[in-house]
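In case you want the letters, here they are:
There are 2 protein chains.
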Amino acid sequence: MAWATIATWRMAYDGVATAAGILDRDGTAADAVEELIKVVEADPRYTSVGYGGLPNEEGVVETDAAFMDGDTLAQGAVAGIHDVKHSVSVARALSAQHLNSFRVGEGASRFAREQGMSVPSMLSQQAAASWRERKKQVEAGEIAPYDGHDTVGAITLSSSGSMAAATSTSGLFMKKAGRIGDSALPGSGYYVDSEIGGATATGLGEDIMKGCVSYEIVRMMGQGLEPQEACDRAVYPFIDKLLHRYGKAGAFSLIALDRNGRWGAATNVEFTFCLATSSQAPQVLVATPGPRGTTSIETDDDPAAL
Amino acid sequence: MAWATIATWRMAYDGVATAAGILDRDGTAADAVEELIKVVEADPRYTSVGYGGLPNEEGVVETDAAFMDGDTLAQGAVAGIHDVKHSVSVARALSAQHLNSFRVGEGASRFAREQGMSVPSMLSQQAAASWRERKKQVEAGEIAPYDGHDTVGAITLSSSGSMAAATSTSGLFMKKAGRIGDSALPGSGYYVDSEIGGATATGLGEDIMKGCVSYEIVRMMGQGLEPQEACDRAVYPFIDKLLHRYGKAGAFSLIALDRNGRWGAATNVEFTFCLATSSQAPQVLVATPGPRGTTSIETDDDPAAL
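Residue numbers (full-length UniProt numbering), protein chains in the order written: chain A, 1 to 306; chain B, 1 to 306.
By construction, these hints were calculated from the structure, which means they are not laboratory data. Beta carbons: idealized from backbone N, C-alpha and C, even for Gly. A few of these clues could be false.
Which bits of chain A does chain B cover? Going by a derived footprint, with three or more residues having C-beta under 8 Å, they are [said to hold, decoys possible]:
# : segment
1 : 63-76
2 : 99-106
3 : 187-200
4 : 230-240
5 : 256-269
What the simulated footprint calls covered on chain B by chain A, stretch by stretch (three residues with Cβ under 8 Å from a Cβ of chain A suffice, anywhere in the stretch; the number is not a length) [unchecked claim]:
#  : segment
6  : 69-75
7  : 94-106
8  : 112-120
9  : 129-137
10 : 185-199
11 : 277-290
Only chain A is shown next, with the shape it has when bound in the complex (with noise of 0.2 Å):
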């Protein structure tokens, strides 16, 4: 059967080919998200997702990460945690337990501890020395504390019909200390069933997670919707609402993926992404709002550039 896996923004270029090379050898849906998802934290490049990560405004990286099994819906999930590289093994690990799966701050920190998933430090010098600076311009009134906030979220789904989706992120730049997005949230950040298709989402968590948006494109699939025609009807009507009812939407961006490996993207901002599947290599494609509800989606002419 056709195996394929998505995966937000260009820099899970190398972790999406990394996932392919596990799918393409009959390798399982979780364990090719999962080490999708490790690729970009181990990178320090990536300055919203691991190690390298900006911290929050005490100078701390706190992640936040999650991880679903489409076969049994078992969700694990942590937020707010530090010291922690891999923090989508932590979100896998707790997937395993009925009870606990969903831990927060010290308490998940020392459950990664325990299970030797902890590091001496997440803070890259190149990302203190960052956050020294955007700290005195921030202070200085020169730009705003919040730029920057950029999770990679993955979906896959096996040879054999399973799928998975992971998310991973050092969340808001200057945030506050305990701040959590969507991204560890199910339903906003992420959602997958094996039996339709999964979607997850990137961009300001805080207003993502007031609409279940990814939760709604899996249900819209779920009807029979083609993966782009469920991310247009979900996101665009929702963006509209929430600039009518809250006054402001900030910027988002969702992917999907279904049981037959058809994709699709939304977004109301210039987006990255990245795809393979059996049958297309490693590509990073653009996506744009379109016209009245669409979405323009362009493969990208230097996909090896950051």
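Knowing the structure of chain A, use the given hints to seat chain B on it.
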């Protein structure tokens, strides 16, 4: 216009009476739902909410709470916080912020302290004694550690047509440090849209969050279903799905209220809830699973009993 309020469990009776008074004097849905929850949080007799709540396995009372404004869709939430009596008020304060509106662990506890909302200790003498006793029993294998996980969740409809929802819980007794359930999670533990209605959940959070059940009930009401029909159609098929896919399903119970003051409930265990409307004095109702995906609901003979 007619007002109404509904809340989970018999323990909400006094809170519902308080909310009814506020709504009858044309108070806001937001004020009414916050005061309703605060009455339950302040009562040391209730071992699953607020002061008197049973602690986690380390003997610390950690609480989760959320607040949602159905007019604007604004949400605020806290999870895994300690030394806060009125977690719902912290959640409501956070809902006024566009960013950093969901905070967990130490960062959230510190925010509460800064707001003057913390107390020296949330552990009542009785809860401490229960914890010591039950810890011995758990260690001796006599009882399961996870008895008792009753969240207070409530929805209010004001005479002006605004709606609000809120939740508060100390979570699973003997939970692991930092464990959070569905109560603070939008779409899982609660959801409300003043143009449609609201829903809230109590029970085993780890299973409720696998299906975004509160969001799903509101969505179905938005498609024209009456609250009772929406509860039945969202809850019972999801329980079947959990049994089929995950192999088991914990206890859970949901209630809903729509913008016209109509209400509903669905549950897989015997479940009490409280209700008051502009034409109905506060009362306790008992819901049990009925035949073929329906719910049997009766008024309680002795509403004053705890």
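Structure-inconsistent hints, enumerated in ascending order:
4, 5, 8, 9, 11
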